[in-house]
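Since chain A is already given, all that's left is putting chain B on it; use the hints.
So you can see what is in the structure, the chains are spelled out below.
There are 2 protein chains.
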Amino acid sequence: MPDNVRIAIDAMGGDIGPAMTVAGCAMVAEQKNDVEFLLFGDETLVREQVAKYLGLSGVATCIHTDVAIQMGDKPSQALRTGRRVSSMWQAIDAVKQGKADVAVSAGNTGALMAMAKVILRTLASVERPALAAIWPNARGESIVLDLGASIGADAQHLVDLAVMGSAMARIVLGRDTPTVGLLNVGVEEIKGIEEVKAAARILRGMPDKHMKYHGFVEGDDLGAGTVDVVVTEGFTGNIALKTAEGTAKQIAQYLRTEMNRSIMSRIGYLFARSAFNALRKKMDPRRSNGAVFLGLDGIVIKSHGGTDGLGFSGAVDIGYEMARNGLQAKIRETLVESHEIMLTFDQPAAATER
Amino acid sequence: MPDNVRIAIDAMGGDIGPAMTVAGCAMVAEQKNDVEFLLFGDETLVREQVAKYLGLSGVATCIHTDVAIQMGDKPSQALRTGRRVSSMWQAIDAVKQGKADVAVSAGNTGALMAMAKVILRTLASVERPALAAIWPNARGESIVLDLGASIGADAQHLVDLAVMGSAMARIVLGRDTPTVGLLNVGVEEIKGIEEVKAAARILRGMPDKHMKYHGFVEGDDLGAGTVDVVVTEGFTGNIALKTAEGTAKQIAQYLRTEMNRSIMSRIGYLFARSAFNALRKKMDPRRSNGAVFLGLDGIVIKSHGGTDGLGFSGAVDIGYEMARNGLQAKIRETLVESHEIMLTFDQPAAATER
Chain A
78 MPDNVRIAID AMGGDIGPAM TVAGCAMVAE QKNDVEFLLF GDETLVREQV AKYLGLSGVA
138 TCIHTDVAIQ MGDKPSQALR TGRRVSSMWQ AIDAVKQGKA DVAVSAGNTG ALMAMAKVIL
198 RTLASVERPA LAAIWPNARG ESIVLDLGAS IGADAQHLVD LAVMGSAMAR IVLGRDTPTV
258 GLLNVGVEEI KGIEEVKAAA RILRGMPDKH MKYHGFVEGD DLGAGTVDVV VTEGFTGNIA
318 LKTAEGTAKQ IAQYLRTEMN RSIMSRIGYL FARSAFNALR KKMDPRRSNG AVFLGLDGIV
378 IKSHGGTDGL GFSGAVDIGY EMARNGLQAK IRETLVESHE IMLTFDQPAA ATER
Chain B
78 MPDNVRIAID AMGGDIGPAM TVAGCAMVAE QKNDVEFLLF GDETLVREQV AKYLGLSGVA
138 TCIHTDVAIQ MGDKPSQALR TGRRVSSMWQ AIDAVKQGKA DVAVSAGNTG ALMAMAKVIL
198 RTLASVERPA LAAIWPNARG ESIVLDLGAS IGADAQHLVD LAVMGSAMAR IVLGRDTPTV
258 GLLNVGVEEI KGIEEVKAAA RILRGMPDKH MKYHGFVEGD DLGAGTVDVV VTEGFTGNIA
318 LKTAEGTAKQ IAQYLRTEMN RSIMSRIGYL FARSAFNALR KKMDPRRSNG AVFLGLDGIV
378 IKSHGGTDGL GFSGAVDIGY EMARNGLQAK IRETLVESHE IMLTFDQPAA ATER
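Respectively, the protein sequence lines represent chains A and B. Counting in the working numbering, the first sequence runs from 78 upward without gaps. Counting in the working numbering, the second sequence runs from 78 upward without gaps.
Okay, chain A solo, but in the shape it has when bound (with noise of 0.2 Å):
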């Protein structure tokens, strides 16, 4: 990589478009001073954003696309109308090129992972892209994928995401062999699908360098912190993040009722003003904002389209990170030593697709 970190922005995505993602970059650019942007969108839009922040002056270049894909496009139709000509497609193709060191957009899920499955692929070994993301918890923050990229997962698939997600927490929680756990459900009888057990049976016999293999955890771990990553297949993963964002929001709603009730309360509010605002900081889901696709030859990284400048700007933030950090060799490093014993592993379950 080039001393400076080159982040490719699909200035387009997002509900508001480059008003948002641009003034995102602006956040990095001030407390970075190794970053560089290429801002791919309507050049006319971007230029404008541009020039209301100094510190992106002789670091943001603007390459002008003609597309912007839609919120509500299918997959298969934003391949068909952005390809190559799309703000989307354009800066997953700079990471492509070498052109930039990771891509980040805000844009349409489905679309942003079909695209990037087509320009960069997948890893030789990986079958399918994971999508990853920081979990804020009761003792920190953990790795949970994945979240939704594919659904069902065979054991050798589990175990990949065990790799990737443990490379990705090394960077993350700056921890040499993170602690992971596979998500199963509790009661004794039915201990789980067949392959999750098959994936624990591969991961208690790999060795502890570069993550080491805690067991089984349960839904109310991701919010207790028990593990450092928690791997899961895309269905149940997608579900549990959006459960729990559901049950942040249904309590953030009961404090606020109770809170307005009486006078009594509101002068308490006041006076607990500073506790409230800690407690919205660390519930406010900007602060955890950026998910990362796993798996493929590049890095891309997903934010999510209704956050702001502020929201943008911790996806910015985290792509900055995985590139600066070297994500993909760390990834490659443990894959090569994870399949070299899964080669040497009986498992009669593994290829049992769900």
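Just so you know, the hints here were simulated from the structure itself, not pulled from any lab data. Heads up, some of the hints might be wrong.
Identical copies look the same in the list; a pair holds intra-copy or inter-copy alike.
[What the hints assert, rightly or not] Straight-line Cα separation of at most 20 Å, EDC-like style, residue types lysine to aspartate or glutamate; simulated pairs: (1) K359 with E322; (2) K151 with E414; (3) K359 with D297; (4) K359 with D385; (5) K151 with E295; (6) K151 with D80; (7) K176 with D385; (8) K173 with E107; (9) K194 with E125; (10) K326 with D361; (11) K358 with D111; (12) K326 with D297; (13) K151 with E271; (14) K176 with E120.
For chain B alone, kept in the frame of chain A given last:
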């Protein structure tokens, strides 16, 4: 049903046993004058507790059993050591024998499920039982199932879950035609597993007589309360439930930490104490304690093992409501209807077991 609702209690179940279960029954007896208890357990221990509550005199009968199923017992082990002789077995068997209208246990979930299946068997057309709970949400409450009674579900089982869950919702929520949603993921391209899509096709074809099919819902719809009944298979349901519980705990811990951080916020807490108490009450897991096994030829309620008398009384209350309001009859009438429709339905994917 005779005039009184007759409730069979596994008095030895739960982490504490009789001191907790009998206390719970006493609370219910205080509020209802049409209830009787059959208390199965160690006679000395149970009688000692019953003697503490005036309200139980005349409405509680103690039946001695020699064996108590342990929380750590595997289901197979529980069936071996507890068949016929355990408090859990006898409580369920009382329902089978027509001596009780419902059984309630805070014992080991796997053992309870295994025994309930052996003793009561499933309803004629239902393949596997399900575990359903009342889920507090921003708009009130909903019914969510399956929470882990079985893993995986074909389209027909998902439809059965919808039918059984809506029968429960008619009682708990007091709605004639509860709305039903199928839990799914939101990414367009991969919109769900084949079985879920097939179940959606069947549910769309059903008349709105006893339930109204809403469509797919996502994880955050659980907290938002978008529909009255949320249907998913047991693996995902179990993980969603525990993820929500874990998130609630995590936020409560954040809140405690922040409110204790400064003198100002502690003063604020004092002013707003009634608001915090109301919030605590809303988030109290004891308020929604008591999951219902659905699809068996008899009603069995599972209470959390680690709850107290108040929590257990919630589970007993749910059992009372289910029996009093004819849960089984409501399930049967809707099942018949749905199976007639399924027979007329072309369902290519319905047979694909996950």
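Quick rundown of the hints versus the structure:
Taking identical chains as interchangeable, the C-alpha atoms of K359 and E322 lie at most 20 Å apart whether they share a chain (13 Å) or sit on different chains (18 Å). Within a single copy, K151 and E414 get their C-alpha atoms no closer than 37 Å, and across copies no closer than 36 Å, so neither meets the 20 Å cut-off. Proximity of K359 and D297 under a CA criterion of 20 Å is satisfied in both settings, with 18 Å inside one chain copy and 19 Å between copies. Taking the shortest alpha-carbon separations for K359 and D385, only the intra-copy value of 17 Å comes in at or below 20 Å, while the best inter-copy value is 32 Å.
In the homo-oligomer, the alpha carbons of K151 and E295 lie at most 20 Å apart only across protomers (18 Å), although the nearest pairing inside one protomer, at 34 Å, exceeds that limit. For the identical chains of this complex, K151 and D80 are neighbours neither inside a copy (38 Å) nor across copies (59 Å), given an alpha-carbon limit of 20 Å. Proximity of K176 and D385 under a CA criterion of 20 Å is satisfied in neither setting, with 27 Å inside one chain copy and 62 Å between copies. Proximity of K173 and E107 under a CA criterion of 20 Å is satisfied in neither setting, with 27 Å inside one chain copy and 72 Å between copies.
For the identical chains of this complex, K194 and E125 are neighbours neither inside a copy (32 Å) nor across copies (68 Å), given an alpha-carbon limit of 20 Å. When the C-alpha separation of K326 and D361 is checked against a cutoff of 20 Å, the pair qualifies both within a copy, at 10 Å, and between copies, at 17 Å. In this assembly of identical chains, K358 and D111 lie within 20 Å of each other by CA distance neither inside one copy nor across copies; the values are 28 Å within and 51 Å between. In this homomeric assembly, K326 and D297 come within 20 Å of each other (Cα to Cα) both inside a single copy, at 17 Å, and across copies, at 9 Å.
Taking CA atoms no more than 20 Å apart as the test, K151 paired with E271 passes between copies only; the shortest distance there is 19 Å, against 33 Å inside one copy. Taking identical chains as interchangeable, the C-alpha atoms of K176 and E120 lie at most 20 Å apart only when both belong to the same chain, with a minimum of 19 Å there against 79 Å between chains.
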